[in-house]
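Colleague: Chain W is fixed; fit chain R onto it per the hints.
Listed here are the chains, written in short residue letters.
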Amino acid sequence: MKYVLLFVDTEQFHADLQAMTPDDRARAFGLVDAWVAEHRGVIRGGNKLQDAHTATTVRLDGPEPVVTDGPFVEGKEVVSGYFEIEVADLDEALRMAKSWPGCPVIEIRPLES
Amino acid sequence: MTAAGPARDEAAYDELARTVREHAGRLATALVRLIGDFGAAEDLVQDAVVEALRRWPVDGIPDRPDAWLFTVARRRGLDVLRREARYREKLAQVQWPVPSEPDERLRLIFTCCHPALPRSAQVALTLRVVCGLTTAQIGRAFLVPETTVAQRITRAKRKIADAGIPYRLPVEADLRARTAEVLTVVYLMLNEGYLSSGGEVASQRLVDDAEWLAALLHELLPDEPEVAGLLALIRLHRARAGGRFSAGGDLVLLADQDRSRWDHAAIADAVDLLTRTARRRQPGPYQLQAAIVACHAEAPRWEDTDWEQIVLLYDLLLAVAPSPVTRLHRAVALRYVAGPEAALAELDGEPAGRLDAYHLWHATRADLLRDLGRPAEARAADERALRLTSNPAEQAILHERLRWEP
Numbered sequence: 001m002k003y004v005l006l007f008v009d010t011e012q013f014h015a016d017l018q019a020m021t022p023d024d025r026a027r028a029f030g031l032v033d034a035w036v037a038e039h040r041g042v043i044r045g046g047n048k049l050q051d052a053h054t055a056t057t058v059r060l061d062g063p064e065p066v067v068t069d070g071p072f073v074e075g076k077e078v079v080s081g082y083f084e085i086e087v088a089d090l091d092e093a094l095r096m097a098k099s100w101p102g103c104p105v106i107e108i109r110p111l112e113s
Numbered sequence: 001m002t003a004a005g006p007a008r009d010e011a012a013y014d015e016l017a018r019t020v021r022e023h024a025g026r027l028a029t030a031l032v033r034l035i036g037d038f039g040a041a042e043d044l045v046q047d048a049v050v051e052a053l054r055r056w057p058v059d060g061i062p063d064r065p066d067a068w069l070f071t072v073a074r075r076r077g078l079d080v081l082r083r084e085a086r087y088r089e090k091l092a093q094v095q096w097p098v099p100s101e102p103d104e105r106l107r108l109i110f111t112c113c114h115p116a117l118p119r120s121a122q123v124a125l126t127l128r129v130v131c132g133l134t135t136a137q138i139g140r141a142f143l144v145p146e147t148t149v150a151q152r153i154t155r156a157k158r159k160i161a162d163a164g165i166p167y168r169l170p171v172e173a174d175l176r177a178r179t180a181e182v183l184t185v186v187y188l189m190l191n192e193g194y195l196s197s198g199g200e201v202a203s204q205r206l207v208d209d210a211e212w213l214a215a216l217l218h219e220l221l222p223d224e225p226e227v228a229g230l231l232a233l234i235r236l237h238r239a240r241a242g243g244r245f246s247a248g249g250d251l252v253l254l255a256d257q258d259r260s261r262w263d264h265a266a267i268a269d270a271v272d273l274l275t276r277t278a279r280r281r282q283p284g285p286y287q288l289q290a291a292i293v294a295c296h297a298e299a300p301r302w303e304d305t306d307w308e309q310i311v312l313l314y315d316l317l318l319a320v321a322p323s324p325v326t327r328l329h330r331a332v333a334l335r336y337v338a339g340p341e342a343a344l345a346e347l348d349g350e351p352a353g354r355l356d357a358y359h360l361w362h363a364t365r366a367d368l369l370r371d372l373g374r375p376a377e378a379r380a381a382d383e384r385a386l387r388l389t390s391n392p393a394e395q396a397i398l399h400e401r402l403r404w405e406p
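From first to last, the protein sequence lines stand for chains W and R. In case it helps, UniProt numbering puts the first sequence at residues 1 to 113. In case it helps, UniProt numbering puts the second sequence at residues 1 to 406.
With the rest of the complex left out, here is chain W:
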């Protein structure tokens, strides 16, 4: 089955990352790279998104389209990236997500087909 892993950053995570020394930060990114390399066989696509301040939201549920600055939900948690993966079932997707060394929240959502 195909799933999308939606990675979610929190303010705390962001602050922690900023506070790291360059060496520690390089090590943290190294862990992420290693995770991606380990799962290369099942990753079908994905990317990191630019920061939430670059987001623009268009709402079409009123009489006219409304364009606003920022992500679609205002909150302390923002989507920061995604991977599309293809694995046997939810258990495999869960195992992958549990070993993710980056941001603290991941939503797993199956794709329609």
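Wrong hints could be hidden among the right ones.
[Said to hold, decoys possible] With a cut-off of at most 30 angstroms between alpha-carbon atoms, the simulated DSS-like pairs for lysine-lysine come out as follows:
#1 R:K159 to W:K76
#2 W:K98 to W:K48
#3 W:K76 to W:K98
#4 R:K159 to W:K2
#5 R:K159 to W:K98
#6 W:K2 to W:K98
What the hints contain is simulated information worked out from the structure, not anything from laboratory work. Keep in mind it's a predicted model, so treat the numbers as computed, not measured.
Modeller: Relative to the frame of chain W, chain R by itself:
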């Protein structure tokens, strides 16, 4: 058949209930394999049960009730398959008797208790699919409207299908954690059944099912000490059930129970199971809780209770599974080791704020305050406890106390 009329109906219903209880999980499992659809398989079993309700009182109970149910369910399943071309190739695989592979039943339980499902749905689904309860029975047991139970089950089944929750045993790396999920569901059944609000019949049914599930799990996972621990815990509670209520139906406190009404053979068996399990030296919350209940169960009289041992067991329990309720229970035991003042200090310490809405915290404080000669405060605490419980048996005890208090 010699019985006639209502008596015969009754016999057929009893037999059906027994068959469903023992075989519903296995039948659903066999049907999942047949038609590859979790929800549809369960519906087929229910259809067959409805058919049996109609036919057995008239035709008599069949020689092999489980095979009868399977045959009816399979026939309907085949109709479904015939209608759905994409299952056509599976027709070739159909065979009876389907081996009741233990693994198949385990798969079913683990699927129902998958951590990606909300807890309430895990419980409802397990009771429905594995234990064969109706949505109405589940609703009564948990004081939830039947429609809510049905919705939870429907949603859970859709998630199982759509989110790709696998119908198989967890891999080795996940097995411990996933078994813990299953045990939580069984423990919830025990708790709800033991101290529930759903009436005596519904409660008894839940405890029966909890024991049945725990025994099944123990048979299938004999090397999991916590499974054995939970089974022992359930059996110890059941063994003492005879003393819990007076002839008039009132809850009798442990100290006042007639211990000759306990099932001492069952207690000995459960303690034996617990002792054998303890040799593995992998203590967990269920084994420790069972050990505490065993201390009470083995004391010939209330006065003989080994409170020091109990306090020690609570210390171990707090180390592996800290919880304010466990601290409360430890304080109760501490009263008999170190006196009411020490126990009250313990209660008014750390857990206070977190247990303010818990009736037993107030009731226990009331007890200690009375012992310490502070009746006005005791009365206030009992009144607060009374406002916080909806269990009629507990309300009765609190009312009784308040009648005697100044």
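Colleague: Is it true that the CA of R:K159 sits at most 30 angstroms from the CA of W:K76?
Modeller: Measuring from Cα to Cα gives roughly 28 angstroms; hence the hint holds.
Colleague: Need the status of pair R:K159, W:K2: alpha-carbon distance at most 30 angstroms?
Modeller: Holds - the C-alpha atoms of W:K2 and R:K159 are around 15 angstroms apart, at most 30 angstroms.
Colleague: Decide if the proposed pair is consistent with the structure: W:K76 and W:K98, CA atoms, cutoff 30 angstroms inclusive.
Modeller: Distance of about 22 angstroms is within 30 angstroms: holds.
Colleague: For W:K2 and W:K98, compute the direct alpha-carbon distance and say whether it is at most 30 angstroms.
Modeller: Satisfied, since the Cα-Cα distance of roughly 17 angstroms is no more than 30 angstroms.
Colleague: Take the C-alpha atoms of W:K98 and W:K48, compute the straight-line distance between them, and say whether it is at most 30 angstroms.
Modeller: Holds, at about 19 angstroms.
Colleague: Between R:K159 and W:K98, does the CA-CA distance stay at or below 30 angstroms?
Modeller: 20 angstroms, holds
Consistency note: the structure conflicts with none of the earlier hints.
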